[in-house]
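Chemist: Chain by chain, the residues:
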Amino acid sequence: MGAWAIAVHGGAGVDPNLPAERQEEAKRVIARCLHIGTTALRGGAAAVDVVEMVVRELETDPVFNSGRGSALTRQGTVEMEASIMDGHGHRCGAVSGLSTVKNPVSLARLVMDKSPHSYLAFDGAEEFAREQGVEVMDNSYFITEENVGMLNLAKEANSILFDYRVPVPGVETCSAGAGSMVDNPLQMNSLPISIYAPETVGCVVVDGNGFCAAATSTGGLMNKLTGRIGDSPLIGCGTYACELCAISCTGEGEAIIRSTLARDVAAVMEYKGLGLQEAVDFAIKNRLDKGQAGLIAVSRNGEVACEFNTTGMFRGSATEDGFMKVGIW
Amino acid sequence: MLLVVVRELENCPHFNAGRGSVLTTSGTVEMEACIMDGNTKKCGAVSGLSTVVNAISLARLVMEKTSHIYLAFDGAEAFAREQGVATVDANHFITPENVERLEQAKEANRVQIDYTQPVKEDKPQETSSGKGDSHSGTVGCVAVDGSGNLAAATSTGGLVNKMVGRIGDTPIIGAGTYANSFCAVSATGKGESIMRATVARDVAALMEYKGLSLKEAAAYVVNNVPKGNVGLVAVSANGEVIMPFNTTGMFRACATEDGYSEIGIWPSETDCVLPDPTRN
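The listed protein sequences correspond, in order, to chains A and B.
With the working numbering, you'll find the first sequence wraps up at 423, consecutive numbering, no jumps.
With the working numbering, you'll find the second sequence wraps up at 260, consecutive numbering, no jumps.
Source of the hints: derived by calculation from the structure; they are not laboratory data.
Some clues are possibly wrong.
Distance condition first, Cα-Cα at most 27 Å in a straight line; then the derived DSSO-like pairs of lysine-lysine [as the list claims (entries may be wrong)]:
(1) 45(B) / 384(A)
(2) 379(A) / 21(B)
(3) 195(B) / 249(A)
(4) 207(B) / 86(B)
(5) 22(B) / 384(A)
(6) 22(B) / 195(B)
(7) 121(A) / 208(A)
(8) 379(A) / 22(B)
(9) 208(A) / 207(B)
(10) 207(B) / 379(A)
(11) 86(B) / 366(A)
(12) 366(A) / 384(A)
(13) 208(A) / 190(B)
(14) 195(B) / 208(A)
(15) 170(B) / 207(B)
(16) 190(B) / 207(B)
(17) 366(A) / 22(B)
(18) 384(A) / 170(B)
(19) 86(B) / 45(B)
(20) 22(B) / 45(B)
(21) 45(B) / 366(A)
(22) 45(B) / 21(B)
(23) 249(A) / 22(B)
(24) 22(B) / 207(B)
(25) 121(A) / 366(A)
(26) 22(B) / 208(A)
(27) 86(B) / 384(A)
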């Protein structure tokens, strides 16, 4: 107890052919967000404030799939969701189906702090946003050209079902060039990895008082049905925090929900006495079945752990003793 | 089988699900439901339904006919129409009793879970001045078949005077509904409390990770949620049934293959059933 630690992620399931400059860009954003968190922690900030602050930054930057840069629904619109949990007291807040709120994680926080509920969605959530005076933007603000292109590829891929060998004209976005799709049999959520677009951002923190908090935010699955809710806003699935630890997950939403992944990490620590790394290993290796996912976690003792069974996960972590690391693979 | 039971409960206007659902602060109905198959861990959930006659059936269709688990609001309603499930005018679900409950709640400026009593400040949970017809609550069903396969299903209209768009514990896997190879659980009560305590998942987790029995696990979980906030029904793979609650009462019933059955509202001594030792 007494040592802070922080981890952030920008999504699990990375195209191995991702161009180098995109990898560097992603790492820079992760590093910057990590830095925001560590600075706040050194200043004595509380875990729940730090996770919100860091995820806001990740949402605002269009590089990752949350806030601006969110994946698109089947109809080409953006429906964002997020959740936050304060391990100290087990309070939580979540939102889904946002289309104009600039920072979903902050609205989730307001649901937790300012409403009698824990989860608001769609029109009701948008109305609450206006009542609370949070910053809202036109839905087009969140839509990037790149994601419009990805949506088209995803639609083609879905209609072709599993025959991902069909050559697709080279796109200057996530895949390295025309050849990559043919060579790359990796898939997540039934989409070739080059189109999949890692889904989510998240942050977990244990502060100087040993209190843990977690937050996750996403635009969801590319080409999803409108109204589809994934794991990110579901407490116990994509996000969880308690006295012992805090977890944020990313990857195939349906697999994470089925395995109540975030809660399970904490449950094996709580009920089986496992340490953080053991618990994280257990969850990833034993709870996902055929699902692909990753997670970041911190414990109240200042430990941090990141694990994934996907090809990569954009992530970064730092601890009070000066350790800092940013990585993808 | 689960579907048949929950559909019946949804159709009955005395329970807070389907017809008879409690109302949002705008006087509308927003229904949600969830189903989980303990064998495959497949699940389906829906929220924000306003015209679908049987929310639980739509949840099942999400589970079986889409690659998703959870659909809500307009998207869920659109899916319902694509699937051709029975839909009716939203007014079908609204009952006079619920209109009155909403008025009471607004007068007291409260989001109400304890429907048994007229709304008053500082009403202790122990007293029960229940007026027969004003009881109402989330509905759920858990079952284990002859082969030990478990399943859980829950359906609700939510909390009286809830904010439009409010989602409770019912459609959240691990909170109000859960099933795996150890047990199947369906919870009812104050959604916000059930969600933060991941009630349904915890019953199963205590059995799996701590080796507790169904009865011990369920009791532990219920005792750790603030009094007056939760009740649940659960079955285990070997046919045990438990129905603990820390509220004034909980409408419940159970039956087992060896002929035991129980129906109750208030606390009783026999709140759990153990398998007949003479069975295999």
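Chemist: Taking the hints in turn, state whether each one holds.
Modeler: Hints, one by one, checked against the model:
Distance restraint check for residue 45(B) and residue 384(A): the Cα-Cα separation of roughly 19 Å lies within the 27 Å cut-off, and the hinted pair is therefore satisfied. The suggested pairing of residue 379(A) with residue 21(B) holds, with an alpha-carbon distance near 17 Å, which does not exceed 27 Å. A C-alpha spacing of about 49 Å is found between residue 195(B) and residue 249(A), which places the hinted pair above 27 Å, so the restraint is violated. Pair hint residue 207(B) plus residue 86(B) holds up; C-alpha atoms about 24 Å apart against a cutoff of 27 Å.
The hinted pair formed by residue 22(B) and residue 384(A) meets the criterion: a straight-line CA distance of about 13 Å does not exceed 27 Å. Proposed proximity of residue 22(B) and residue 195(B) is supported: the alpha carbons are some 25 Å apart, at most 27 Å. A threshold of 27 Å between alpha carbons decides the hint, and for residue 121(A) with residue 208(A) the separation of about 35 Å lies outside it, so the pair is violated. A threshold of 27 Å between alpha carbons decides the hint, and for residue 379(A) with residue 22(B) the separation of about 19 Å falls inside it, so the pair holds.
The straight-line distance between the Cα atoms of residue 208(A) and residue 207(B) is roughly 23 Å, inside the 27 Å bound, and the hint therefore holds. For the suggested pair residue 207(B) and residue 379(A), the alpha carbons sit about 37 Å apart, so the restraint of at most 27 Å is broken. Distance restraint check for residue 86(B) and residue 366(A): the Cα-Cα separation of roughly 45 Å exceeds the 27 Å cut-off, and the hinted pair is therefore not satisfied. For the given pair, residue 366(A) sits about 24 Å from residue 384(A) by alpha-carbon distance, which is consistent with the 27 Å threshold.
With a C-alpha separation of about 36 Å, the suggested pairing of residue 208(A) with residue 190(B) is violated against the 27 Å cut-off. For the hint pairing residue 195(B) with residue 208(A), the CA-to-CA distance comes to about 37 Å; that exceeds 27 Å, so the pair is violated. Between the alpha carbons of residue 170(B) and residue 207(B) the distance comes to roughly 10 Å, so the proposed pair stays at or under 27 Å and holds. Of the supplied pair hints, the one linking residue 190(B) and residue 207(B) holds, its CA atoms being roughly 24 Å apart against a limit of 27 Å.
Between residue 366(A) and residue 22(B) the CA atoms are separated by roughly 26 Å; this keeps the pair inside 27 Å, and the hint holds. Proposed proximity of residue 384(A) and residue 170(B) is contradicted: the alpha carbons are some 34 Å apart, above 27 Å. A C-alpha spacing of about 40 Å is found between residue 86(B) and residue 45(B), which places the hinted pair above 27 Å, so the restraint is violated. Taking the CA atoms of residue 22(B) and residue 45(B), the gap is about 12 Å. The hint holds against a cut of 27 Å.
Note on residue 45(B) and residue 366(A): the hinted pairing is violated, with a Cα-Cα distance of about 37 Å set against a maximum of 27 Å. A distance of roughly 15 Å separates the Cα atoms of residue 45(B) and residue 21(B); the hinted pair therefore holds under the 27 Å criterion. For the hint pairing residue 249(A) with residue 22(B), the CA-to-CA distance comes to about 25 Å; that is within 27 Å, so the pair holds. Proposed proximity of residue 22(B) and residue 207(B) is contradicted: the alpha carbons are some 32 Å apart, above 27 Å.
Using a Cα cut-off of 27 Å, the hinted pair residue 121(A) and residue 366(A) is violated, with the two alpha carbons roughly 35 Å apart. Between residue 22(B) and residue 208(A), the direct Cα distance comes to roughly 34 Å. Violation of the 27 Å bound is thereby established for this hinted pair. Pair hint residue 86(B) plus residue 384(A) does not hold up; C-alpha atoms about 48 Å apart against a cutoff of 27 Å.
Checked against the numbered hints listed earlier, the structure breaks hints 3, 7, 10, 11, 13, 14, 18, 19, 21, 24, 25, 26, 27; every other hint is satisfied.
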